[in-house]
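Mind assembling these two chains? They're in different frames, but the hints should get you there.
Residue numbers (the working numbering), protein chains in the order written: chain A, 1 to 184; chain B, 1001 to 1232.
Treat the hints with care, as some may be off.
[What the hints assert, rightly or not] Stretch-level coverage of chain A by chain B, calculated; a stretch enters the list once three of its residues show a Cβ under 8 Å from a Cβ in chain B: (1) 59-65; (2) 85-93; (3) 155-167.
If you are wondering where the hints come from, they were derived from the structure by calculation, not from laboratory data. In this text, a Cβ means the ideal position worked out from N, Cα and C, and glycines have one as well.
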Amino acid sequence: MKNTPKNIKNQIESILLVAEKPVSAKELTSVIGEMAANINKALAELIQEYQTKGIKIIKKGDYYSLVTAPENSEVVGRFLNEELRHDLSDAALETLSVVTYKQPVTRIDIEEIRGANSDQIIRNLMVRGLITEVGRKDTPGRPILYGTTMEFLQYFGFEGEHQIPKFKDNANSNIGLFETDKEK
Amino acid sequence: MYKVKIETFEGPLDLLLELIENEKLDITEVSLSAITDKYLSEVSKLDPKTYDVAEFMVVAAKLLYLKSKALLPSLATQDEEEEIEDLKQKLELYKKYRDAAKEFGNILDNNQRSFSARTTRVKVKTFVPPKGVAFNDLFGVFNKLLKDMPVELTREEVELPTEKVTVESKLEQLDLIFKKDKKQRLSKLIKNSNTKVEAIVTFLAILEMIKCKILKVSQNGNFKEIDLIKIR
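Next up, chain B with everything else stripped away, as it sits in the complex (with noise of 0.2 Å):
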């Protein structure tokens, strides 16, 4: 018998441990800081569609907090000081539950079971009608039953969007559409969407666009028409 490891993830304490103990680290701020390069390319290596990449950015961003407090120790605060405390304790609790599931696998490897005569015994499921029931009460019976039954529910069948738009191909395209005329209308931007996702991307990508300081906003007053101006 031959095992084969590959390399997945439970999650993201999984992973830090594994680190951790493959550099033969304790569980300390510094090894935590040491691995965080080791970690964030473990990270960017996941399929979102397999782990909720989100649990581990979330640990990503307590590391690389660690990170940057090395390099600028007036930055360290009281709520992530907390936070950082917070994991260390969870990993030190995490390993000693995977510990003792290490041990759990050492005696399940022994093969040493107990069994009971229950878990063999074949069950014979009998009935046996009360006395004086009749053929035609059970009929009657049963005919009440079939009443009774629930309605077989349908399930009304919608179809999924398949189209995909995302805010990096939409600010691509917005790119195109202000390098050939510098202003242009909110309204008419949105409307040129064709469907709803595509409406509130667009509108994210409007907005990043802004924060970038690429668009300048102008309104004439209330509700009239959002004018965007490419500035740079």
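One chain only, chain A, in its complex shape (with noise of 0.2 Å):
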């Protein structure tokens, strides 16, 4: 059966809807058995479409997550019982920084950066989920990359990743922050 570009969008509105976890492009492709440039056009159109709803595509990289609207989150937090304030310390906050601008970055880059050690604050954002592994560096002892998630972006209500605020550095802007993901 041939595929019309509505049935594409159709199909992939049900997959993100039952998806357990963030859906790449690929994965949609191949599960669709589409040609990429479809389902890429499709899935712009659907983030276009979802713009004035209660649900929205956020993306990261290649994966699409179906999520509700930050604009919610108030009736939404009360709906599940949510404590929408944060709790993140500064120094959770400045780790957390680091890792969106700088990412992929290990754990001696940051602490190069903050000058002090961020052991435990890395394992504190990895565990609430806002960072991950992301990779490898290929160098002696193989230290672990860190970048952020799609979580990350639900918990700032970022619809994409062109919602973060840009880093004010004019020598070296934005730095890897649209190819981490492209990686996996």
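Encoded structure:
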């Protein structure tokens, strides 16, 4: 059966709804059996169509996820009985900002920038799902490389990486910000 | 809701930046030099149990270099100049990340979060045995698993020495010993130690006294006894 652009979009919606974790365009391409170009076009249109809805499709790298609209967080939070106020310490936010703008980044790099031990904070951010291991650096010891996650976007109510505030560094702005997930 | 601000520092960079920003200064050599005294007084208050004080001292040394250079410009050396430049750059970069972190905090204060269905879904794990598996098969597999389980490892308990001998206290003790008798034998002083740690501290204290020219050392040939003589 030949897929029309409309039922490609429908199929993507259905899959995103039941997906256990963020779904990549690559997975969608293979499971729907369509050309990558058509899938990407459908995804871009879907994101547009959801702009005004109570659910959104957010994108991180090549991965997509169906989430509630951030402007509804208060009611959804009440419904889920979730505490919305964040309790990240200054140190955690600082570490998170280093990971966000410098990813993929090793613990040593983070500590070099912060001038302080960050081991425990990194572990904490991992447990919260805001950062994750994205690979290993090809240097002696093969240290772990960290990057931010889809949950990080959700936690901040960002609908995509383009909504993350730009890093105020004239020399090398936004290095690595959009490259991380493609490597997976 | 109220916030309590406790004076804690993440590290030397955090402390430096805090001091510079409190004075509304830019990151320059002049401002670094200006806050040196405040930095040192904060560092002296740090509890070594919670802070890696050595890290703070490295930066303190650089600040003191700046101060001394202001007094004696001829002291400036290439290596140290580079280190100061390095410190300035690190501070500037750190400030950018810290500012970004503050913005992150502001965004989070808006409490605008997205939820996905999976964060709320309770996962029920079920087990469906493959076709043709009988009770005895499972029993056998389980027994095999039990057998292959690693033996529980027990940790050997070692008592840590609790007594604490400092070089300072040893110096005082040695001072009394040498007051009684100007000449002492090194081997005897070491032998009087109760523990290995104390022996090491005694040795360190003696080295310190030699360096300060309080003691003179003499030895009548290789592998002979070493004598220590108080000279002042």
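Hint check results:
With a threshold of 8 Å between beta carbons, the proposed coverage of the stretch 59-65 of chain A by chain B is violated, since 1 of its residues qualify and at least three are required. Residues of the stretch 85-93 of chain A lying with their CB closer than 8 Å to a CB of chain B number 6, which satisfies the three-residue condition for coverage. Taking a C-beta to C-beta cut-off of 8 Å, the stretch 155-167 of chain A contributes 6 residues in contact with chain B, enough for the three needed, and the coverage statement holds.
Hint 1 from the list above is the single one not met by this structure.
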